[in-house]
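Spelled out, the chains give:
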Amino acid sequence: MGFLLTTLVFVVIGIVASLCARICCNKGPSANLLHLTLVITATVCCWMMWAIVYLAQMNPLIVPILSESE
Amino acid sequence: MSTLSDTYKDPINLEVLRRRQRMRQKMAKHGGGCIPPMDLFRSEAMHLVQLIVPIESAHLTVSYLGDIGLIQFKDLNAEKSPFQRTYASQIKRCGEMTRKLRFFNDQMSKAGITRSSKSVARADMHLEDLEAKLGELEAELIEVNANNEKLQHGYSELTEYKLVLQKAGEFFKDAQISASARQKEISPDLPAESLATPLLKDHESSHDLSKQVRLGFVTGLVPKEKAMAFERIIFRATRGNVLLRQVALEEAVVDPTSGQKVQKNIFVVFFSGERLKSKIVKISEAFAVNRYPFTEDMGKQTQMITEVSGRLSELKMTIEAGLQHRGTLLRRIGEQYEQWNQVVHKEKSIYHILNMLSIDVTKKCLVAEGWSPKYATKKIQNALQQAAIDSSSQVGTIFRVLHTKKLPPTYFRTNKFTESFQAIVDAYGVAKYQEANPGVFTVVTFPFLFAVMFGDWGHGICLLLATLYIISKEKKFSGQKLGDIMEMAFGGRYVILLMSIFSIYTGLIYNEFFSVPFALFGPSAYACRDASCSDSTTVGLVKVRDTYPFGVDPSWHGTRSELPFLNSLKMKMSILLGVAQMNLGIMLSFFNALFQFIPQMIFLNGLFGYLSLLIVAKWYTGSKADLYHIMIYMFLSPTDDLGENQLFENQKTVQLVLLLLSLIAVPWMLLPKPYILKARHKTRHQDESYALLDDNDDSLHGEADRDSDDQEFEFSEVFVHQLIHTIEFVLGAVSNTASYLRLWALSLAHSELSAVFYEKVLLLAWGYNNVIILIVGIIVFIFATAGVLLVMETLSAFLHALRLHWVEFQNKFYEGDGYKFRPFSFALLNNEDESS
Numbered sequence: 001m002g003f004l005l006t007t008l009v010f011v012v013i014g015i016v017a018s019l020c021a022r023i024c025c026n027k028g029p030s031a032n033l034l035h036l037t038l039v040i041t042a043t044v045c046c047w048m049m050w051a052i053v054y055l056a057q058m059n060p061l062i063v064p065i066l067s068e069s070e
Numbered sequence: 001m002s003t004l005s006d007t008y009k010d011p012i013n014l015e016v017l018r019r020r021q022r023m024r025q026k027m028a029k030h031g032g033g034c035i036p037p038m039d040l041f042r043s044e045a046m047h048l049v050q051l052i053v054p055i056e057s058a059h060l061t062v063s064y065l066g067d068i069g070l071i072q073f074k075d076l077n078a079e080k081s082p083f084q085r086t087y088a089s090q091i092k093r094c095g096e097m098t099r100k101l102r103f104f105n106d107q108m109s110k111a112g113i114t115r116s117s118k119s120v121a122r123a124d125m126h127l128e129d130l131e132a133k134l135g136e137l138e139a140e141l142i143e144v145n146a147n148n149e150k151l152q153h154g155y156s157e158l159t160e161y162k163l164v165l166q167k168a169g170e171f172f173k174d175a176q177i178s179a180s181a182r183q184k185e186i187s188p189d190l191p192a193e194s195l196a197t198p199l200l201k202d203h204e205s206s207h208d209l210s211k212q213v214r215l216g217f218v219t220g221l222v223p224k225e226k227a228m229a230f231e232r233i234i235f236r237a238t239r240g241n242v243l244l245r246q247v248a249l250e251e252a253v254v255d256p257t258s259g260q261k262v263q264k265n266i267f268v269v270f271f272s273g274e275r276l277k278s279k280i281v282k283i284s285e286a287f288a289v290n291r292y293p294f295t296e297d298m299g300k301q302t303q304m305i306t307e308v309s310g311r312l313s314e315l316k317m318t319i320e321a322g323l324q325h326r327g328t329l330l331r332r333i334g335e336q337y338e339q340w341n342q343v344v345h346k347e348k349s350i351y352h353i354l355n356m357l358s359i360d361v362t363k364k365c366l367v368a369e370g371w372s373p374k375y376a377t378k379k380i381q382n383a384l385q386q387a388a389i390d391s392s393s394q395v396g397t398i399f400r401v402l403h404t405k406k407l408p409p410t411y412f413r414t415n416k417f418t419e420s421f422q423a424i425v426d427a428y429g430v431a432k433y434q435e436a437n438p439g440v441f442t443v444v445t446f447p448f449l450f451a452v453m454f455g456d457w458g459h460g461i462c463l464l465l466a467t468l469y470i471i472s473k474e475k476k477f478s479g480q481k482l483g484d485i486m487e488m489a490f491g492g493r494y495v496i497l498l499m500s501i502f503s504i505y506t507g508l509i510y511n512e513f514f515s516v517p518f519a520l521f522g523p524s525a526y527a528c529r530d531a532s533c534s535d536s537t538t539v540g541l542v543k544v545r546d547t548y549p550f551g552v553d554p555s556w557h558g559t560r561s562e563l564p565f566l567n568s569l570k571m572k573m574s575i576l577l578g579v580a581q582m583n584l585g586i587m588l589s590f591f592n593a594l595f596q597f598i599p600q601m602i603f604l605n606g607l608f609g610y611l612s613l614l615i616v617a618k619w620y621t622g623s624k625a626d627l628y629h630i631m632i633y634m635f636l637s638p639t640d641d642l643g644e645n646q647l648f649e650n651q652k653t654v655q656l657v658l659l660l661l662s663l664i665a666v667p668w669m670l671l672p673k674p675y676i677l678k679a680r681h682k683t684r685h686q687d688e689s690y691a692l693l694d695d696n697d698d699s700l701h702g703e704a705d706r707d708s709d710d711q712e713f714e715f716s717e718v719f720v721h722q723l724i725h726t727i728e729f730v731l732g733a734v735s736n737t738a739s740y741l742r743l744w745a746l747s748l749a750h751s752e753l754s755a756v757f758y759e760k761v762l763l764l765a766w767g768y769n770n771v772i773i774l775i776v777g778i779i780v781f782i783f784a785t786a787g788v789l790l791v792m793e794t795l796s797a798f799l800h801a802l803r804l805h806w807v808e809f810q811n812k813f814y815e816g817d818g819y820k821f822r823p824f825s826f827a828l829l830n831n832e833d834e835s836s
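From first to last, the protein sequence lines are chains A and B.
Just so it is clear: in the first sequence, position 54 is 54 by UniProt numbering, and no numbers are missing.
Just so it is clear: in the second sequence, position 633 is 633 by UniProt numbering, and no numbers are missing.
This is chain B alone, in the form it adopts within the complex (with noise of 0.2 Å):
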C-alpha cells in the first residue's frame, strides 16, 4: 500500500483514482445498467455557481437573470440582521411604496372606481421618480379627503338644523293655532296677537307668558333608539317639572359625528329655571344629542329657514365638485396602479436579492452563489454579458461553478402536460437529487387505476366533455382569478382528461353506459339450454358460442349469479394488477440501488406472483381448485398432498422450492446492506483524502459547508434501518397486496349506486306512463348522477388512486426527500402575487 505523498507524486495513479471516482459517482448515480437518458426520469443536472458582480452592474444582472429565471440564489448573508444588510434602506423605500400603493386600492375601491387590468404600458420607470409621483399624489388624494370630510360635517349640520327648525316650527304653530282657538273658546274679545304657549292652561296673563314663567325651551334631535331613554332621564332628573315633545323623522339623517345615517326624533323640551336647563344640557351631552337654537318669532324662523336653505345648496355644490376632482384623480391613479405594482413590486425582489449577495471588502464587487441547472449555462452567460454591457461597466461578470458535496435541489422540466402529474408525486414527496421519478409511470398508471375504479363509459364521457371544455377555454381561465375548487379542476385538466379517456376504455370492458350493458362487440356467449328457456332461473343459461371478445358479457346484467361472477373476477383482477404494480416499484428501485431489488422480488414474486399465475393457471384450465385452500396450506402443511387442488404437474415441489427461497431472501435483504456500505465508506474515505488535496484550490466556499454526513458512519444505526426496512417490506407484502382489493371495492360501488339510480328512479319513473313523472324522474336522475357518481365518485376514486400510488407503489423505492428548485424568476413571484 503506496503511502500518501508516493500517491501525490505519482501523476498517472493519481488520474486512475479520479477515473475509478467518477465511474463510481455515475453508477452510484444509475444504479446498475447505463440505460439511454429519459426525459422526466431524473431530475435535471444542476451546478453550484458563484457569480462576481461589479457594483454597477449589479441592479441590472440581478434584473436580466430574474427575467430568465433559472438561478436559485443562496443567501450568504445569512447572520445578518434585515437591518444590517447593504440594501436595507432601498427596501424600506420600497415598503413605502407599496403602502402608498395599497392605500390608493383602498380608496379606489370606496369610490367603486376599477382599475384596469392591463394598463397602458410607458416607458420603464425610474424608482425615485415613481416614488416621487406617488408621494405627491397621495399628499393630494389625503387633502382632498379631509376638505371632503369637512365639508360633509358641516353639510349634515346644517341639513338638521333645517330639520329642527322645519319640525320645531310645526311645533309652535300647531300650538299658537290651538292656543289662539282655546282663546277664542274662553275669552273671544282679548286680541288675537297675544298668544301664548298652549301647553300653558293659565292664560290670565294674557301677554308673553313664557316671559312672566320665564319658560324656556330647548330644541334639537336624539337618536331613535335613545329617545326613550332620554326622555325617561329627562323627567326623572327634573322630577317631572317639564314638557317634552317629540318627532320622529321619517327618513335617516346623516349624523354629523359619525357620518352614518341614524334614525333620529326631533324633540322640545320645556322647562322653567337655570337649574332645570343645566341639568337637560348636562343630559343631551350625555346622549349625545345635537341641540341647535331656535326663536319663537315667526318671522325669524322663515328668516333662518330661507338662510340655510341657501347655505345648504352651496355647500351642496362644493362637495359635487370636491368628489368629481377627487374622481378624475382616482381615475387618472387607476389607469397606471397595475403597472406601477409591478414595477414596485419587482424591484423589492431584485433589492431582496441584491442583500443575499456578500458584498466584497473593497465594495467594489458583489459576490453570488447560487443554484442553476446544467442546460442553462449559455443562457445565463448570455444575461451576464448583456447586464455589463447595458450598464457601461468596465468590467464584465466572472462565472464560475463550484464543486460541493451538498445535495443540489431538486428540477423537472415539465411542460403543462406533465406538471400535474408531477404535482401529485411532489406532493408526497419532493425527489431526492436524481433518483428515480415515479411520475414518469404516473401519468398513465394514476388514470388507469381511477378508471379501474370508476369503469362506466357513459360516465367517462361525460367526465371528458366536463374536461374538453375546461381546456378549450384555457386561456380566458389562465388569465382568471378562480375559485379554490375550480382552481384545482383547472390545473387538474389533464389528469382528469386522461381519467375520462381511460375510464371509457374500462367502462366498455366492463360493459356498463349509465349500468345498462350493451351487445356491442358481437353475440353474447349464453344462451339457454333448451328453446323454451324453463330453467333459465334455477340452473341458468349455458355457454353455446366463443367468449364474449371484448369485455364482460352483457348475459350477466341483472341476473343473480351476476354478483359472485363480479366479485370473483374484480378480486382476482386487483390482485394482479397490484403485483404489477408492485414489481414496477422494485424494478424501479434498481435505478436506485442496485442489490436491494433482487432478494425483494424474490419474496414478492415467490408468494404473491405464485398467487397471480395460480389464478391465471385456474381461469386458463377452468379447473375447480380453492385458491384460498392452496394458498394457506402452502405456509401450513407445505409438504400435504394437494389432492383436488392441483393445478398443474409437480405443484407441490414448486410450492416447496418457492417457499424455501421466499424464506432465504428475507436475511438476504437485511444482512448484506450495511456491510457492503461500511466496506464502500472505508474506501471512499481513502480516496478522499486524495481529493481534498487538489481540490483546495479550485473552490473557494465549498470546503467550509462540506456536509459531514458522509463522514460518519454509524453501523448499527444502518443495520437498524435496514431491520426496519425488511420488516416494512416482508409484513408490506401482504398488507399491500391486500391493499389493491379496494380496486374492487370502488368498483363494485360504483355500479351498485349506477344501477340504483337507473333501476329505481328513471325505470320507475317510467312505469308510470305520465309525462310529468317521467320529466320529474329525468331531473332527478341527472342531478343524482351528477352529484353522486360525477363528483362524489371521481373524486372517492381520484383518492384512493393517489393513495396506492403514494403508499403502495411509491414505498418500494422512492425516497423523496429533496427539496425543490426555487428559483428567482419574476414569472413565479407575479405568480405568488395573484394567489396570494
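Just chain A, with the same shape it has in the complex (with noise of 0.2 Å):
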C-alpha cells in the first residue's frame, strides 16, 4: 500500500510542479510543451529511483547484520 499511496504522491507534485512552471513561465506553446517536458522527464526520474529502492527492501533476501562493537 506504501508503494501506491508515494506514487501518487509523486503524480500529483508532478502536476503540481507543471502547473507552477505553466503559471510562472508562460512563453507561449512551444516553450510551455519544452517546459512540461522537463518537469516530466524530472518527475520519471526521482519516481524511479525511488521506486527501485522501496522495491528493493520491500521482500529482503538479506538482512542488517551488525558488526562486533569494539
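No lab work stands behind these hints: they were computed from the structure.
It should be emphasised that the depicted structure is a prediction, and the values quoted were computed from it without experimental measurement.
Do not take every clue at face value.
[As the list claims (entries may be wrong)] With a straight-line Cα cutoff of 20 Å, these simulated DMTMM-like cross-link-like pairs (lysine to aspartate or glutamate) come out:
(1) B:Lys406 with B:Asp67
(2) B:Lys133 with B:Glu347
(3) A:Lys27 with B:Glu44
(4) B:Lys475 with B:Glu487
(5) B:Lys110 with B:Glu335
(6) A:Lys27 with B:Glu487
(7) B:Lys760 with A:Glu68
[What the hints assert, rightly or not] Footprint (simulated), chain B over chain A, 3 or more residues, beta carbon under 8 Å:
(8) 26-36
(9) 57-63
[Unchecked claim] Rough simulated footprint, nothing fancy, chain A against chain B, three-plus residues with beta-carbon under 8 Å:
(10) 38-51
(11) 433-444
(12) 538-552
(13) 562-568
(14) 571-580
(15) 619-631
Where is the CB? At the ideal position from N, CA and C, for every residue including glycine.
Got two chains here, each in a separate frame; can you build the complex from them with the hints?
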C-alpha cells in the first residue's frame, strides 16, 4: 500500500510542478511544451529512483547483520 | 505513365506532384507523428537569402546587420586571393591602425598606465579622422621616446664620469698622502709639494716623476663579472709591466649603451710607453669598457667634478620634464583607447564581410548571400530599410529568398540556462539540420545521472551553496576576465545548480549525509529479534515494520551485510535506469527516421527489457530465483525446465517467444532500409526532373551549387552502412547495458570514500578527547572532503555522466554531423576578442 500511495504523491507533485511552470513562465505554446517535458522527465526520474529503492527493500533476502562493536 | 511533356502541360497534375513533394519533405523532417512544435527540440528553420545592396549604402547596411547578428554570410569571392578583393586597401588601413593601437598599448603598459575599461563615449568618429589622429599621436610618441633615450644615455655617461672622477681622485689622493708620508720618512727635508705617485719606489728624482718615466694611465669602468678576466688579459698582454688598481662600486650603475643596471668596478691602469697604451686601449674596447679622461691635477679634478654635477642636475630636470610629457600623452591615449580599439575592430570586420560580397558588373551594387533563420526576416528587412534611409541612397536593398538543396546550418535559440546544456551536446557533435535534439532531455537526465553517482545530501548542499554564490555574482563575473578553470565553472553554473539539487535528492534516497544516515522519514524497519539482541551479530535483525518509506533504511549503515545489499540494489538500479534511457534514445530515433526503431525496440526490450522485468518481479515477490542463471540459460538451453528459478507462470514460453522475436529483429534491422531507400530515390528522381523545370526562374545561384549527394545512390554502400549499424546495435545492446554499471561503481566509490573520511578522520580525532587533535582532525576532514569528494568526485561523476550521454544514449539516434550557425554579429566578435 505504501508503494501506491507514494506513487500517487509523486504524480500529484508532478502535476503541481507543471502547473507552477505554466503559471510562472508562460512563453508561448512551444516553450510551454518544453517546460512540461522537462518537468515530466524530472518527475519520472525521481519516481523511478525512489520506486527502485523501495521495491528492493519490500521483501528483503538479506537482513542487516551488525558488526562486532569494538 | 504519362510523358514528361504531358505532365508539364497539365497544371492540375503539376499541383498534385508539388503537394506530394512537400508532404514527403515534411514527413522526412518530422518522422512519423506530427507532434506539436517544441522549443529546442529541432533547430530553427533557416533559409538562404540574397541581398542586392546599392554601393552607397553597403557599409551602413553591413553595420546594421552586424548589430542584429542573425545572418551568416557566404563567401562569394572564395576563389579570389585576399589582395584581389575589392576592399583590400581598407583592410590594410585597419591593419595599420591596429598596429598603432598595439604600439600604444605596449607603451602604456611599459609606463605602468592602465587603460580605463569603459572609455568616454564620444560621438561616432569616422575612420579617416581616427586614422589621422592615430598617425600624429604615434609620431609624437616615437619622437618623445627617442629624445628620452638620448637624454638617458647622456645622463648615465655623465654619472659614470662623475664616479670615475670621485673614485680615481681618491686613488690619487691616497697615493699622494702615502707618498708624502714616505717622502717625509725617507727624506724629511724634501719640499712637500714635490709629489710622486706612491707606486714608484724610485724616489730619487724629486719633481714630476711621471714626466720623467713617461708613466701614463687609463681610467674607466669595467663590469664586475669581466673584471678578473680583464685584469688577467692586461697582465698577460703587457707581460706584467702595468699596474692595475680596481675598486668595486657598491651600487649598480646604469650602463649607457645597454640601459641596464650593471655592477661595475672602477680601475686605473698605469703603464709606460705608447705601445702598451695602444694595447690597453684595444683590450678595453674589446671588453666594452667605458674609458674616461682624467687629469692628475687636483684643482682641475675638483673643477671637473663640480662641472659634471651641474650638468647632471640639469639633465635630470630635462629628463623628468620629458617623462611627464610622455605620461600625459599616454594618459590621454588611455582614456580613449578602448573606444578606438572597438571602432577599428568593428570597421575591420565590416570590410571583411564587404569583401565576401560579389560586386556587380556595373559596380553599382553588391550581391550578398547568407543563411538566416526564418523568424528574423522582419528584423532584417527593417534594418535594410533603415540603412537605405540613413545613407540617403535612392534605391532600397532587395531581399530575396533562394531555394537550395544545401544543408542549412544548425541554430538553437538558447537562453543562458539551456545554453550550457546545449554546449554539452554540441561538444560531441553539432546536430544535423532539424534532427531531434538530445539537449532537451539532457537538461534533466545529465544532472540526474550525475546525482546517482554522487548521492550525498551533505555534499550536495555544499555544491549548492557554492553554485548559488557564483550565480548571485553573475553580472560581476560575466564582465570580468576569469582564469581558465573559473571560466568553465562559471559557464556551467546552471548545470552545476541542477546537479547539486538532484544530488540532494539522491543523497536523501541513499540516506547519506557525509556518509551518516538519519531516520528522517520514520522509524527504521528493522529491529532485533528479541529484547536482548543476542544474535544481531550472527543472524542479524529482522523486518518488523513496513518498509522504510523514503530511501535506504538507516539500519544498514555500518553492518556487515551492508555492501552485499547495497551492491545488489545499485547494480540492479543501474541496469533499470540504463534500459530506460536507451529506450528513450530509440524512441527519439523514431522522430528522425520511422522504420528503424521498431526492430531495435523489439531487440533491446526482448532481452534487457525482459531482464528489467525479472528484476522488478524478483523484488516484488521476494523469490530466491537466480537472475544470472535465468538469463544465461535462456540462451543456452531455452527449452529446459526452470525449476526453482521460476518467477511467474508460463515463464518458459514467454522466454522462448522473446528469444524468437529478438532473432527475427536482427534481419529486420538489416534488410528493409536499403531497399526502401533505393525505391525512394527512384521515385524522387522521377519527380525531381519536373521540379527542375519550374524552379529554373526562381533561383539564380541555387542551381550552380546543387549538392550531388542525392543524385548518386550506391546500393552496396548503403547496405554495408546498414550492416555496420545493425552489428553495432546488436553488440552494443550488451556492452551499453553493462556500461551503465558505472553508475553503481562510482556511487560505491563515493560512499566508501566519504565513510573513510568520516570514520577514520573525524571519529578518530573525536576519540582522543583532546581539543587540539579535534581541531586538527576537523581541518583535515574539511580539506579532504573538499579536495577529494567535492572536486575530484564531482569531476569524475561529471565525466562519466557525460560519457553515458554521448555514447550510450546518443548512439541510438543522434547523427550530429551538422555545422553551427555563426552569424556576423558585433557582440560575438567582442566575446571572441576578449577570450583571445
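Inset, instruction - Against the structure, test the hints numbered earlier, and report the numbers of the ones violated in rising order. - result: 1, 6
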